[in-house]
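*Asks:* As they're listed, the protein sequences go chains B and E.
At position 285 of the first sequence the residue is numbered 307 (our numbering), and the sequence of numbers has no breaks.
At position 18 of the second sequence the residue is numbered 61 (our numbering), and the sequence of numbers has no breaks.
Hints are computed from structural coordinates only; laboratory data are not their basis.
Quick caveat, the model's predicted, so the values are computed rather than measured.
Hints are not guaranteed to be accurate.
Claimed, not checked - Below are the DSBU-like pairs computed for lysine-lysine, each with C-alpha atoms no more than 35 Å apart in a straight line:
| # | chain 1 | residue 1 | chain 2 | residue 2 |
| --- | --- | --- | --- | --- |
| 1 | B | K310 | B | K109 |
| 2 | B | K109 | E | K45 |
| 3 | E | K267 | E | K182 |
| 4 | B | K109 | E | K267 |
| 5 | B | K310 | B | K245 |
| 6 | E | K147 | E | K211 |
| 7 | E | K45 | E | K182 |
| 8 | B | K109 | B | K245 |
| 9 | B | K109 | E | K182 |
| 10 | E | K45 | B | K310 |
| 11 | E | K182 | B | K310 |
| 12 | E | K267 | B | K245 |
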Amino acid sequence: MNELFSIGLIYSTIRTATPLLLAALGGLYSERAGVINIALEGLMLAGAFTAAAVTHYTHNPVIGLAAGMGAGLFIAAIHALVCIRFKADQVVSGMAINILMIGVPALLSGALFESTGATPQIPLADLLRRAPVVIAFALVPVTWYVLYRTPFGLRLRAVGENPEAADAAGVSVAGVRYAGVLLSGALAAIGGAYLSIGQSSLFTRNMTAGRGFIALAALIFGKWRPVQTMLACLLFGFAEAVSIQMQGVVRIPVQFIQIVPYVLTMIVLAGFIGQSRAPRALGIPYQKEK
Amino acid sequence: MKLLRELLFPLIAVLAAFLVGALIVLLIKDDPILTYRLLIGSALSWPDGIGYTLFYATPLIFTGLAVAVAFRCGLLNIGAEGQLYVAAFAAAWVGITFGGVEGKSVANLSAWLLVPLACLAAILMGALWGAIPGVLKAKTGAHEVINTIMMNFIALALVSWLTQYHYKAQGDPILQTVPTGAAAHIPRLGTFVPGLPARIPLNIAFLLALVACALVYVFLWRTKWGYEIRATGANPAAAEYGGISTARQIVLAMAVSGGLAGMVGINEVLGYRYRYYDSFSSGVGYGFTGIAVALLGRNHPVGVIFAALLFGALQRGALFVDIFTTNVSKDLVAVLQALVILFVAAEALFRGRFNRFGLLKRSKI
């Protein structure tokens, strides 16, 4: 029992928390600007696939990561366009992005590598094992600073809380929201890329396995604030790390540990342990008064 | 004229999706005409094409209806996936526990009792799983979207645990329960439709799906409850002012929605596999495809049938695309589905263009 809670478990927790943290911080920028982002799962998949494919061709994980971020930006731009320009239901659009990203990577992988299940193995030397972890945790203070100490952060929060007032003050509501959603695409894509060219060495079908939704849960659990969101990601990462270590060791079914993040999020949302209040204008398309 | 408008818009969305899909097929250096001919053509042959198309459409009618009912109440049920999993397991549990399966049964009921009991279990379990986020929304204001997402994962973990630790046959490498008793089978349509071979798994549940469409229509447009659900969806403040308890309608709509999603379990367990098979709703998932079905079907039971038939046909055709094209895989269907949702959701994209002809005015729900 003792060897379970070792230094290895701490490393393992940090590794499993990293993709969650990147996606959750991405979601934070989008949602604080008032655009629901349940597309994090799809955005991660876009980053994961593109990073793996490009790293395979170029043997350069930095280019792979950049390409992954580009893919995340592109897909996020679709979500932004549909939600902001065409004022579609943001949940519906997010769901569509998730379904799209089940199909597109498999379709491309099938055409490029003759396997819809996985991309080719990337040599160990071409992997990016540390950088995404550093980026993820460095982004927590950066996000805090941006959000609470810069004009952009003020505008972001204003647009998410009270777009009418922000608009009256001369802030471009649409512009700031575009920026928020695009940032979420880039960050979630790094999280996805870490899965394919950091933790493992290839992209496999649906390899995020719900991490985008756990990241969303962490964002809500962390009350849409950067530091709390990081703590939530570490908690959920810890649950995953424990469930990996426990496999075959302890006689508690892994399923019970897997559901911890989801149950906790539901409890918090219901207000049983502290209130988690969403940005006021979250999910509401902004209609300028004519 | 109103009907024309209602039909025109989904049609444009589908065409736009297919157009973008064709561009993607070109991009991966394949032939879009061949691809679409395989995709649609192989779904129209008799008996296999049509039989399988209707079989694949069956769960989509249920989940499409489920999403539509919630939509009419102003709720987005993206938890149909979880609801259908717990429901399918419940149906299998009844079929095993009361079906005379050796070592697992407490009773051996006749089909006349066992089938209705298993159906009821599926519907009630789905309704319960749907009602929980409904109650949380009504009582605490917690967003049903987040809660249904969370409950999807909880459902999957729960049934996979039950299957793995309690209902799997000893030594079975596949994560599935033992088979239900034979009394819990419902007949395949092939046993009494001439020309339809019984190997095609199209079963009574398809007819049940059509009945469910009629019932949902009556429920939403011909009963007081349905009226109150629609009033809540159209304008909750006005509904509340008019003496409707919106909290109660939210719970009711989510329960009905969950029950409809749960009926997928009838098709899957009683009509097709005769056991619970873990993660049976794989790929995009029936629950998520249900969102596309409901949106494309304008949240109306008749529209849901047509949209489900379209997606059922695509699912059937996908197998042939996989085999007979060089570069395109069956995943094109997921892409088309997503594009349809995006185009339907971003309807402002078309309304602006067509409004000057007065063709696409927003219809009232």
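*Asks:* Each of the hints needs a verdict: does it hold here or not?
*Replies:* Outcome of the hint check:
no. : hint              : verdict
1   : B:K310 <-> B:K109 : holds, 12 Å
2   : B:K109 <-> E:K45  : holds, 24 Å
3   : E:K267 <-> E:K182 : holds, 23 Å
4   : B:K109 <-> E:K267 : holds, 32 Å
5   : B:K310 <-> B:K245 : holds, 28 Å
6   : E:K147 <-> E:K211 : holds, 11 Å
7   : E:K45 <-> E:K182  : violated, 38 Å
8   : B:K109 <-> B:K245 : holds, 25 Å
9   : B:K109 <-> E:K182 : holds, 29 Å
10  : E:K45 <-> B:K310  : holds, 29 Å
11  : E:K182 <-> B:K310 : holds, 33 Å
12  : E:K267 <-> B:K245 : violated, 39 Å
Going down the numbered hints, you'll see the structure goes against 7 and 12, while the others check out.
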